[in-house]
Each structure stands twice: as structure tokens, then as C-alpha cells.
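Build out the structure end to end from the sequences listed, making use of the hints.
Protein chains: 2
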Amino acid sequence: MRQHKHPKIEEIDLIDIMYALSDPTRVEIVMTLAGKGRAMTCGELLIDRPKSSMSHHFKILRGAGLVETLIKGTEHINSLRLKELEERFPGVMKAVLKAFRAGMADG
Amino acid sequence: MRQHKHPKIEEIDLIDIMYALSDPTRVEIVMTLAGKGRAMTCGELLIDRPKSSMSHHFKILRGAGLVETLIKGTEHINSLRLKELEERFPGVMKAVLKAFRAGMADG
Chain A
250 MRQHKHPKIE EIDLIDIMYA LSDPTRVEIV MTLAGKGRAM TCGELLIDRP KSSMSHHFKI
310 LRGAGLVETL IKGTEHINSL RLKELEERFP GVMKAVLKAF RAGMADG
Chain B
250 MRQHKHPKIE EIDLIDIMYA LSDPTRVEIV MTLAGKGRAM TCGELLIDRP KSSMSHHFKI
310 LRGAGLVETL IKGTEHINSL RLKELEERFP GVMKAVLKAF RAGMADG
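Chains as they are written, first to last, in our numbering: chain A, 250 to 356; chain B, 250 to 356.
Keep in mind that a hint or two might mislead.
Because identical chains cannot be distinguished in the list, a pair is counted as satisfied if it fits within a single copy or across any two copies.
No more than 25 Å apart at the CA atoms, straight line, and that leaves these computed lysine-lysine pairs for PhoX-like [said to hold, decoys possible]:
(1) Lys343 <-> Lys321
(2) Lys347 <-> Lys332
(3) Lys343 <-> Lys332
(4) Lys300 <-> Lys254
(5) Lys300 <-> Lys332
(6) Lys308 <-> Lys257
(7) Lys300 <-> Lys347
(8) Lys347 <-> Lys254
I should point out that these hints are in silico values taken from the structure, not numbers from a laboratory.
Written out as C-alpha cells, the structure is:
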């Protein structure tokens with residue numbers, strides 16, 4: 250089955266991660282995946298945006314190295330690459346996710 | 250003397266910080282200020298970009314709450330708001346600066 254391309258962990262640029270996290274929809278996707286703590290299909294994410302917009306955001310999230318999407322049949326199964334990111338940029342995603350979570354609790 | 254406007258620390262949005270850090274010139278400014286560990290005038294920064302481009306980048310850095318610029322006479326004195334940012338988003342800037350520093354050492 251044809252799969253999406255993902256950057257290798259050593260190719261990931263922190264600037265691209267910052268850009269990926271500079272949009273509310275993408276942050277919502279990342280926070281939903283982080284909150285569930287497991288891989289999710291696009292349908293499960295229940296984020297109310299047009300499909301084309303979601304495709305665009307997932308493309309940026311994959312390109313930045315934040316999300317991995319595996320295609321199984323008709324399903325796209327998405328997960329955060331947190332373990333690899335922690336190795337490459339220690340503490341970054343942990344602190345960022347925590348801060349976004351705190352912000353969501355405030356709002 | 251007329252001064253720049255800066256957001257209050259409680260108005261700062263992490264999404265804007267992420268966006269501010271998604272550009273190589275802005276990261277260079279932030280890393281230079283972090284490396285020196287003190288306020289610096291625009292002249293001292295020695296970043297070789299057109300003045301208009303630097304103004305644009307500083308505007309984004311100020312708007313995001315990353316940088317404070319004080320005007321003294323003809324000088325613009327810039328500093329990172331690290332202490333305030335640490336209170337608002339614990340650990341975020343520390344991890345991000347460390348990761349960017351490691352990346353600069355690699356490259």
C-alpha cells in the first residue's frame with residue numbers, strides 16, 4: 250500500500266516544528282492526539298474543518314516531523330512522533346504540550 | 250520618549266511565540282540575545298539583513314512577547330523576556346533555546 254513520506258528524525262528542523270505549531274487547527278490536532286495518547290484515524294479526531302483544510306494541516310504536521318500517518322486500507326492512522334522528538338529535542342515537546350494544555354484549561 | 254508597545258505577559262499566546270520562532274532570522278536574533286545574556290542595541294546584533302527586514306522581524310518578536318525594545322535617544326535596546334516567559338510557559342524557552350543551540354553546534 251502506498252504510504253506517506255515522513256522525514257527521518259535527524260532531518261527534522263526545529264524551525265519547521267515551530268511553524269507547524271503556529272496555527273490553531275494544527276495545535277488542536279496535536280493536542281487531541283497527545284490527549285488520547287494513541288494513534289487516531291482522521292475521523293476519530295472530530296475536528297470540524299473542511300477535508301481539504303485538514304489534508305493541508307496534516308501535510309505540514311508530517312513534513313515538520315510531528316505526525317506520522319500510516320495508511321491502512323481506507324483509513325489514515327495518525328500518531329505523534331513524541332518519542333523520537335524527545336530524543337532529538339529533549340524537553341521541547343513536553344514543555345510545549347504542557348503549556349498549550351494549561352492555556353486550554355485557562356480558556 | 251515614545252516607546253514601543255509590548256503585550257502584557259498574561260496576553261502572550263504560545264501560538265504567536267511558535268510563529269515568531271519559525272523564521273531563521275528571528276531565531277538568529279533570539280539566539281544572539283540569549284547567547285550574550287544581556288540587552289543589546291540593534292547595531293550590536295550584527296545580523297546582516299536590510300534594516301526594513303530587521304524592523305519587521307523585531308515587530309513580530311515584540312508582538313509575540315519574546316523581545317522587549319526600549320528606546321533611549323537614538324538607540325533601540327533589545328532584550329529577551331525570558332524571566333516572564335518562564336513564569337508563563339515553564340520550561341518552554343529553556344528547552345527551545347537549548348535545542349536551537351545544539352542545532353547550531355551541529356551545523
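Which numbered hints does this structure break? Numbers 1, 5, 7 and 8 - these are the hints that the structure violates, sorted from lowest upward.
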